[in-house]
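S.K.: The chain contents come next:
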Amino acid sequence: MSAAQSEVQLASSVPVQLLGVDGALVGHPVFSRYVADLSDEVLLGLYRHMVVERRFDVEATSLQRQGELALWVPASGQEAAQVGTIAALESTDRVFPTYREHAMALYRGISAEQLMATFRAAKHTGWDPGKFNFNWYSIVLASQALHAAGWAMGIKQDVSTGALGEGRTADEVVLACLGDGATSQGDVHESMVFASSYQLPVLYFIQNNHWAISVPLKTQSRAPLAHRAAGYGFEGIRVDGNDVLASYAVAKHMAAQIRAGSGPKLVEAVTYRMGAHTTADDPTKYRTDEEVESWKRRDPVARYRKWLEAEGILDQQFVDQVDAEAAQLAADLRTAVHEMEPVDLERVFDTVYAEPHRQVQVEKAWLKDYEAGFAEDQGVEF
Amino acid sequence: MSQTFNLPDVGEGLTEAEIVSWKVKPGDTVAVNDVICEIETAKSLVELPVPYTGVVQELVAQEGDTIEVGQPLIRIGSADDAAPEGDPGDAGDTSDTSAADTGAEAAGPVYGTVSGAAASPSSAAGQAAEPNSTTDTVSPQAEPAPRQEPAETQALVGSGPKADTPKARARTRATALDLVDVSDLGLEPVARSAPTADGGDLGPDVVRRASPPVRALAKRYGLSLSELLGTGDNGRITREDVEAQAEQKAKTPHDEVGAMPLSGSAVPSGGTPTPVQLGLLYDGPREERVQVRGVRKATALNVAASASTVPHVSVFKEVDITASMELRTALREDPRFAGLSVSPLLFAAKAIIWALRRNRQVNATWQETHYTLCNYVNLGIAAATPRGLVVPVIHDAQAYTTQGLAAAITALTTDAREGKTTPAQMQGGTVSITSIGSLGLDFGTPILPPGQAAIVMLGAVRTKPWVVDGQIVPRQIVTIGGSFDHRLIDGDLAGAFITDIATILEQPGLLLD
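Line by line, the protein sequences are chains E and D. Mapping of the first sequence onto my numbering: residues 1 to 382, in sequence order. Mapping of the second sequence onto my numbering: residues 383 to 895, in sequence order.
These aren't lab readings, by the way, just hints derived from the structure by calculation. These figures come from a predicted structure and were not determined experimentally. Using N, Cα and C, we set each Cβ at its ideal position, and we do this for glycine too. There's no promise every hint is true.
As the list claims (entries may be wrong) - Some but not every residue of chain E turned toward chain D, in silico, with C-beta under 8 Å: (1) Ser62; (2) Arg65; (3) Gly67; (4) Ala280; (5) Asp281; (6) Lys285; (7) Thr288; (8) Asp320; (9) Gly373; (10) Phe374.
To be verified - The calculated label-pair distances, taken between Cβ atoms and stated as ranges, are: (11) D:Val677 to E:Gly45: 55 to 61 Å; (12) E:His124 to D:Arg553: 54 to 60 Å; (13) E:Asp332 to D:Gly801: 36 to 42 Å; (14) E:Thr288 to D:Leu755: 44 to 50 Å; (15) E:Ser184 to D:Arg675: 46 to 52 Å.
Extracted from the complex, chain D is given alone in its bound form (with noise of 0.2 Å):
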């Protein structure tokens, strides 16, 4: 269905690039040669047009990511989903309109919906944009006229890429040109010389391993490339295989740099007992570098943001939840909520729903100079997927009826665990729940998610020794509790909010009012 857009090789011989910019989002319409962002190269700052033409599904690389040629950038999807049309992979066995007017093979994508027509919204779109600086252009009383698209009269700035750079492929011999008689041509052999310890003359093998800017990052680093290991594709040298050797290599006296292993199989040829003969904790690599990449990053960036930025204040409650959970036996069985998750985590949205109402400031946007009151609830659900940990949002979660509800959570928690939210599912939420009971744990400090001033966390529930009327029973017991952002959000309001839903969880009967 959708048309993936690689990085280019932006320039002649370029290997990655930063995401600047981008110009479009998720769920935008996009046309042929519409500008998508802007990226930055070892060369120049460059803005990139779509080569199709469709509705953005997916920003795949975030802005700041540095990407490599090759890798995806967009994703776009037919204007009208439904229809497999434009898809390369899908041209053969669709009837293809498309395919048959411009004879494309499999290997030509996007030319069904490449037209005049397609491009016209773009022309247009760049007109509404910047309708002063075109008629500056020109003297007064003309039409800035025969320009059609006066965005790109203005020349897309920057390198010029190609979609799939060949990469260096290892090979399994060297080719000399000694393979006919020449030597009646008069050709010298080449001697090649081999690469020195201080890098001083690199082979051509070394230099073909590492993009320019990766050698000159290792220049800086006063290193050789002949001391570096390549990790990348086929033994290619990376940004970060310097980084950690330069890394290594501080934290190495001098005189062992020469003999420093440069993988877990390497014996140090020092007297100190090795790491090998003494045995790791399982097989492989002393150390491994793992590039970050992914939900991994996004989270990372996320949490490493909202830490940094938001003070956080915690507080916890333990609550007797028998009452629900008697509720939810009952729930069970009535066929309405057949095939849903009817979990403790239903309750708690429904408490924390309810416990908004009664505390306005939780749900909250903090922006410094003001702050945003939500007037409903975009429930954002943590849950931990094979890919990492994601946060899918329930939209306007207050419209929904318990039934409704249990729907949606069951409904985004499967996507989750599936790996099918889309990041627009993941926008826009205004208070969080992590449910960290399915790990067994009974409490913890979340992160708040950006913009978001209270997360609630949910814990195991447990049968526990209780008082009740002086006598000690066996309750089902459970803490919630959560992160706030203390900005707005001081220990009593907190804890309003929080002993709110522990009286929903304790009394479910009051949420009939």
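Bound conformation, chain E alone (with noise of 0.2 Å):
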């Protein structure tokens, strides 16, 4: 074992690329095969994808801006990265999100009303993780790396033990999904430390945006994110995040070897965020106007569209269908909204545990009794 350690080599510093900012086509010796084949119908389901999530981007944005939700998390920019990734796992393969995998979620075939859900706070989790394969969304990041390596644990005993749960598969490929912020946390080290150790099923998925909030990457890390992976004794690699065939390729391609049981692996997607953090901030603060607009060029969807025009898969027709498609997602995700019921706080409380709880008990009576302190409610006047 300690031999194989040795030979971990350090990711190359240049992002694996398929398809250049001009929208032509890259050959790589080793992730060029793995498009090569796509069918049509492929193609244009990746591009699809991106741009419905895009915009329902756009619309829960306006949402918040309008008082309907108290906070929302752009993934604009991310689509390519997202997209790609989740085009190259298998639906049974298990999901770690953080807050921002949107595209991932609807790809996943979560709706936008599900998903919205927890940002209304009208539910704890709109969705049901085991029916999606993709668990909830973990405001407290970086914990879900730890998640998604506690599930790999588990998967890898089920497996020796011959007990797999009904639905799981036995070459489950785990996704932990994090950014470049999360990757400054404690939580991370410790899952990665652990993947490793007990050589689990882990796919690391970073999505290198830039920014963690209004902290800049060059402070965070002096060397590429990806190259911590082989400090962890398994490979790490870089993509061109804004680019959704390279993203599929190095997904499909790292995906497979996990599956044959090579153990955890790394992939950096090298993106950026054309939004804020999330609609509590502002970027203008932070970033310039200069570096915003290099990476507006690098636009995922304009480089991916230009290219299945130029192949001739992409026509006006399908355009339009998605188009219509994505403006019909977003009408209805305002009509679900502003129909969402508040979700009822003492439910909250009495699914924290399956069986009666003391301290959950008295918090549960200090809310009760709190509410029951307003003077409006009892006719006093001020």
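Make the complex out of the two chains shown on their own, each in a separate frame, by following the hints.
M.R.: So this is what it looks like as structure tokens:
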């Protein structure tokens, strides 16, 4: 095993790219073959998912500005990294998202309404993680990396004891999503150590969008984040996260090795969030217009569309169809958000533990007493 | 009919925002998600998209205003003004195709107007607005393409809101964590330190009652929150409370600060006789701070800007208006004028229009490097209303017959008194008239409305001794005059203009030409 560790190479700092910024295909000795035989249907599906997510993101941002959501986490700009990666996985592969993986969630069939129920505080979690093999959003970032390692450990043990759960596969890949900011947190370190020690089937998928809220990447890491994998003894790779084909190919490649028992792998998708970290911050205060403009020129959707059109795969009819679908989804989302009922707080307490728990009871009693103590409800005038 | 978009809680727990700029104006058509204004909060500049489709009826807040979360920002009417569709309040009693479509109940606004189709005008507008920025962002040849909303893809910047922020609500008691026997849980009772005089250790209640920007302001003034009384909702400490206290403190000798009364009912501890003991003018606190809002605020801004930038000059003239008053009596008996206000104001309005034909430079707007002469009269009529001073405008007043003008004045003043004057009706005046005679006054020096070079003042009509053909006779006398923009109008022109008005009032028959 010590011999194997010494063979881990540092990732190239040049991200893998299959589709240039100009929309022309770039050949790659390893990764080109993963996209060479993709059907038009699959290729158009990638386009469709990116466009729909982008429209969804715009609507959610507006709803937040209109007072309908306390917070929104825009994913615009990161569509290719998300869609390419999720498309490369099997539907039985468990995903542990951050709170920004909207394109992935929609890809898995989680509806816009289900996704939004959490942000609207109408549901603790809007979807059944088991049904979609897609865990709930993690608000306490980096914790999801530990959950992913734990899940992968469980899979590994189930396989060894022959007690695999219904619907689970023996070659499951567990996707641990994280951002560049989370890599500075201890949880991620623990997760990677654990995954490496037990050779767990985890694919760490870092969307390096260059800004941890207002902290730039260069402050957090002097070396490419993909290099960190080597320190834990597994392979890391950088990919152009604004290139949906490269994102797909690299994820497909890494997942295949994990399924074959390689142990954990790491993908650093180099991308950029075009919007704010969340709607509660103002990116113009910490980054320059020039930087944003430079990333606009690398837009993942425009680049991919250009290639699809040049290849004669995408026609105007499909473009219109997708735009209409996206607009409908946005309208449905708006309607759904307005109709959501607030969550019953009492139920939140009652569902913390399966059995009664003293501390939760105390806190529930406190809340009830607190809510009963408002003057206006007792006709007291001030 | 109309839907109001209140200022959302912009971000996590912010309480107020300043309107930096409006991107729309009354009469504009907007679609869901169109950006209507830019606001600035303690955190960031934010572009606000509108949640309704329709026509802008009113910008409730003005640029530069700082308003609290939950206060109205803009009112949007339905595109078809006659249809109450979409109004949450009316949803229940309309035949409501929209509400039925969406299952919306009273609580749910807009859905009827929200659809894919409704979204497209907004995107089209966005595209037209900045064609370059979109095409620049992608490689040549490629369409900017799958983005439908170029304006929106560049991500609305800033913080996020909730429409109706939970205000700190008043409580009757504290709630402690000792409701059940928790002795076995090892929980320590939390000792809450009382607020200290220097504000170093604020109680949670005080902290809760003042927003972070207000606390920061207090700190800049060197004030402790514990010495502040909140006048906001539910005792919330406002920016004004801090400023008032800072002002007070600056005027008060240091040794008295601690004993300073915070309201009229308090009695200073010093030996001097207190005003409370001496009695006050009327029942109420000794001093009362009144928030400046609405028409008062708009008036203040307008007159301050006008008085400080425009050199005003005033002239006056006493006029024998007897002939006009006789004509008035005749017109009042004319059935064509039934129900209309036939007043000295009407004659003055006609006289102004006549006089403007002869004194063109009075009907103009000064624009520093040039001025614009107006070949039409948009006549502003100042009206004292319960809401305050409003100046609705009769557009193209020169085109009206006397009867038409009487009807217009009647309608305008009625609307104004009932508070129905819309902002659009107050736009675009070229010359104004203020009739202070109705207040029993003879003359005064009005402030020019923004952008206008002349405002005519009309005093009370009084019967006075007057010399006619060497004889002292009782005649109907009025003082006319006004204020003029001296950059544009010298005393001689102002005098000629007022004299021409006087001529018409003296001899209304000249209007027959």
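S.K.: Evaluate each hint against the coordinates.
M.R.: Hint by hint, here is what the structure shows:
1. Ser62: 4 Å, holds
2. Arg65: It holds, given that the least Cβ distance between E:Arg65 and chain D is near 5 Å, below 8 Å.
3. Gly67: 3 Å, holds
4. Ala280: 5 Å, holds
5. Asp281: Holds: closest Cβ of chain D sits about 7 Å from E:Asp281, inside 8 Å.
6. Lys285: 7 Å, holds
7. Thr288: 14 Å, violated
8. Asp320: Interface hint status for E:Asp320: violated (10 Å vs cutoff 8 Å).
9. Gly373: 5 Å, holds
10. Phe374: Holds: closest Cβ of chain D sits about 5 Å from E:Phe374, inside 8 Å.
11. D:Val677 to E:Gly45: 55 to 61 Å: 58 Å, holds
12. E:His124 to D:Arg553: 54 to 60 Å: 27 Å, violated
13. E:Asp332 to D:Gly801: 36 to 42 Å: 41 Å, holds
14. E:Thr288 to D:Leu755: 44 to 50 Å: Holds, at about 47 Å.
15. E:Ser184 to D:Arg675: 46 to 52 Å: 48 Å, holds
Violation of the numbered hints given earlier is confined to hints 7, 8 and 12; the remaining hints are satisfied by the structure.
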